[in-house]
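Protein chains: 2
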Amino acid sequence: MKSDEVEALVFDVFGTVVDWRTSVIEESAAFGARHGIDTDWPAFADEWRHAGYSGGMKRVASGDLPWMKVDALHRMKLDEMLSDLGVTSVSEDEIHRLSYVWHRLKPWPDTPEGLDRLRTKYTVASLSNGNVSLLTDMAKNGGFRWDCVLSAELAHAYKPDPKAYETTADLLSLPTERVMMVAAHKHDLEAARATGMRTAFIRRPDEFGPDNPPPDLTPDSPSGVPYDYVADGFIDLADQMGCE
Amino acid sequence: MKSDEVEALVFDVFGTVVDWRTSVIEESAAFGARHGIDTDWPAFADEWRHAGYSGGMKRVASGDLPWMKVDALHRMKLDEMLSDLGVTSVSEDEIHRLSYVWHRLKPWPDTPEGLDRLRTKYTVASLSNGNVSLLTDMAKNGGFRWDCVLSAELAHAYKPDPKAYETTADLLSLPTERVMMVAAHKHDLEAARATGMRTAFIRRPDEFGPDNPPPDLTPDSPSGVPYDYVADGFIDLADQMGCE
Numbered sequence: 187m188k189s190d191e192v193e194a195l196v197f198d199v200f201g202t203v204v205d206w207r208t209s210v211i212e213e214s215a216a217f218g219a220r221h222g223i224d225t226d227w228p229a230f231a232d233e234w235r236h237a238g239y240s241g242g243m244k245r246v247a248s249g250d251l252p253w254m255k256v257d258a259l260h261r262m263k264l265d266e267m268l269s270d271l272g273v274t275s276v277s278e279d280e281i282h283r284l285s286y287v288w289h290r291l292k293p294w295p296d297t298p299e300g301l302d303r304l305r306t307k308y309t310v311a312s313l314s315n316g317n318v319s320l321l322t323d324m325a326k327n328g329g330f331r332w333d334c335v336l337s338a339e340l341a342h343a344y345k346p347d348p349k350a351y352e353t354t355a356d357l358l359s360l361p362t363e364r365v366m367m368v369a370a371h372k373h374d375l376e377a378a379r380a381t382g383m384r385t386a387f388i389r390r391p392d393e394f395g396p397d398n399p400p401p402d403l404t405p406d407s408p409s410g411v412p413y414d415y416v417a418d419g420f421i422d423l424a425d426q427m428g429c430e
Numbered sequence: 187m188k189s190d191e192v193e194a195l196v197f198d199v200f201g202t203v204v205d206w207r208t209s210v211i212e213e214s215a216a217f218g219a220r221h222g223i224d225t226d227w228p229a230f231a232d233e234w235r236h237a238g239y240s241g242g243m244k245r246v247a248s249g250d251l252p253w254m255k256v257d258a259l260h261r262m263k264l265d266e267m268l269s270d271l272g273v274t275s276v277s278e279d280e281i282h283r284l285s286y287v288w289h290r291l292k293p294w295p296d297t298p299e300g301l302d303r304l305r306t307k308y309t310v311a312s313l314s315n316g317n318v319s320l321l322t323d324m325a326k327n328g329g330f331r332w333d334c335v336l337s338a339e340l341a342h343a344y345k346p347d348p349k350a351y352e353t354t355a356d357l358l359s360l361p362t363e364r365v366m367m368v369a370a371h372k373h374d375l376e377a378a379r380a381t382g383m384r385t386a387f388i389r390r391p392d393e394f395g396p397d398n399p400p401p402d403l404t405p406d407s408p409s410g411v412p413y414d415y416v417a418d419g420f421i422d423l424a425d426q427m428g429c430e
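Chains as they are written, first to last, in the working numbering: chain A, 187 to 430; chain B, 187 to 430.
Just so you know, not all the hints are guaranteed correct.
Same chains, same label: a pair holds when it works inside one copy or across any pair of copies.
Claimed, not checked - Cross-link-like lysine-lysine pairs, in silico, BS3-like; alpha carbons within 30 Å at most:
no., residue 1, residue 2
1, Lys-326, Lys-255
2, Lys-326, Lys-307
3, Lys-292, Lys-326
4, Lys-307, Lys-244
5, Lys-255, Lys-349
6, Lys-349, Lys-244
7, Lys-349, Lys-326
Derived by calculation from the structure, the hints in this document are not laboratory data. Since we're looking at a predicted model, the values are computed, not measured.
Let's have the full structure, built from the sequences with the hints guiding it.
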C-alpha cells in the first residue's frame with residue numbers, strides 16, 4: 187500500500203486509544219471505599235465491560251433491546267451490579283457519576299503525541315461504539331484530540347455492523363478505500379476491511395490487565411489478509427507512516 | 187441567566203466563525219485569473235452563497251431536491267455559474283478544488299483564541315448546515331478547534347428545521363436548555379430558542395463586505411425575547427462568560 191492513498195484514519199477507542207480497565211477499576215474502587223462497598227473491583231470492571239457493554243450491544247444488534255447509547259447500556263449494567271451487591275443507599279448523582287467513568291478513561295501514554303503526529307498528514311477521527319458525548323468528554327478529559335468525533339451512534343448501528351463503517355466513510359466524504367481503521371481488536375479490523383477500509387493493527391498487550399489471558403498480539407489476521415500496518419502504539423504507527 | 191447552567195456552546199459557522207465572503211472571492215478570482223475568466227468576483231461569491239447555498243437548502247427543505255450535502259449544493263451551483271460564464275475547458279480536478287473553497291474559509295481573527303478560551307469551561311461544537319467533512323477540513327485548514335464537529339447533516343435536516351437543533355442536543359446528551367446557540371444570524375437564534383436553547387448573538391459587521399447593505403447589528407431579537415448574550419466576537423463572549 188502507498189500510505190498517501192489513505193486520507194483519513196479512524197480509531198477504535200476502548201482499549202486502542204484508552205486504557206479502559208485501569209481507569210474503571212480505580213474509580214469503581216474509590217466509589218466502593220466512599221460507600222463501604224467491598225468487592226473484587228477488577229472483576230467488577232471486567233463484568234461491566236464484557237457483560238454490560240459487549241453483551242448489551244449484542245442485545246441491541248439482535249433486536250432484544252431497542253437502539254440506545256452506550257451510556258444507557260453502561261448504566262443498565264451498573265444498576266444491576268450494584269443491586270447484586272445490595273447497594274441501596276447511594277444517591278442518584280453518585281451513581282450517575284460512576285456510570286460516566288467511561289467518559290473519563292485515561293489514554294495510553296503514546297496516545298496524545300501519536301494522534302498529533304498522525305494528524306499532520308491525515309484526518310484523524312474516532313470510530314467507536316461509544317456515543318458522541320462520551321467520546322467528546324473523554325478527549326477533553328484525557329488531553330488528546332480528534333479532528334472530528336465519529337461514532338457508531340451516528341449510524342444507529344454498532345460495530346461490527348457494516349453500517350457503522352460505511353456511515354463513517356460517508357461522513358468523511360471518502361470512499362471506504364481511502365479510510366484506514368486503526369484498532370487493537372482483530373474482529374473490528376476484519377469488519378472494517380469487509381467494507382473496503384484499510385487496516386492498522388495496534389498491539390495493546392496490557393488491555394486486559396494481569397488478571398486475564400493476554401490479547402492476541404500476533405501480526406496475522408484471522409482471514410489471512412495482511413494488515414496494512416502492525417504497530418506497537420501510535421508513535422510507532424506515526425513513524426511507519428512518515429508523520430513527524 | 188446563570189452561565190453555569192449551560193454546558194455546551196454550539197456555533198453557526200459561515201459568517202459567525204469564518205469570513206466566507208473574502209475567502210471565496212479570493213480563491214474564485216485566482217481561479218479566474220488562471221483560466222482567463224473575467225467576471226465580478228464579489229458578485230459571483232454572493233450569488234454562490236445566496237442562490238446556491240441558501241436557495242439550495244430551501245429546495246431541499248421543500249422537497250424539490252432530495253437530501254444532499256452542502257458540498258453537493260455548492261457544486262451544483264458552481265457548475266451552473268461556470269456554464270453561464272461559458273467555461274468549458276477547465277479540468278474536473280480544478281473545478282472540484284474550487285468547489286471545495288468552502289472547506290478552506292478563513293476564520294475571523296478572534297476565532298481561534300475565542301474558541302480556545304470558551305472551551306476551558308464549555309463543550310464547544312459546530313452546528314452548521316455545512317457537512318461534517320467540510321467543517322472538519324475547515325477547522326484543520328483554519329487553525330481552530332472544536333471539541334466535536336456537529337452538523338445539520340447528522341439530522342438530515344437543515345437549520346432552521348428544529349430537528350437540526352434537537353439532534354445536536356441529543357448527540358451532546360443534554361437537554362436543549364443546557365445548550366447555547368452562538369450565531370451572527372437572528373433567524374438561526376430564533377429557531378434555536380424555539381427548541382429551548384439559549385442564545386448568544388455575535389455581531390459580525392463585515393460579513394457581507396463593502397458591496398452590500400450591512401447586517402442587522404442591533405441587540406434586539408425579532409421576537410422581543412432578549413438574547414442571553416450579545417457580543418462583538420468570541421473574545422468578547424469569552425470575557426462576558428468568565429472564560430480566561
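Hints and how they fare:
no. : hint              : in the structure
1   : Lys-326 - Lys-255 : both (19 Å within a copy, 29 Å between copies)
2   : Lys-326 - Lys-307 : both (22 Å within a copy, 11 Å between copies)
3   : Lys-292 - Lys-326 : both (11 Å within a copy, 25 Å between copies)
4   : Lys-307 - Lys-244 : neither (36 Å within a copy, 36 Å between copies)
5   : Lys-255 - Lys-349 : both (16 Å within a copy, 19 Å between copies)
6   : Lys-349 - Lys-244 : both (15 Å within a copy, 29 Å between copies)
7   : Lys-349 - Lys-326 : both (27 Å within a copy, 27 Å between copies)
In this structure, only the earlier hint numbered 4 is contradicted, and the remaining ones agree with it.
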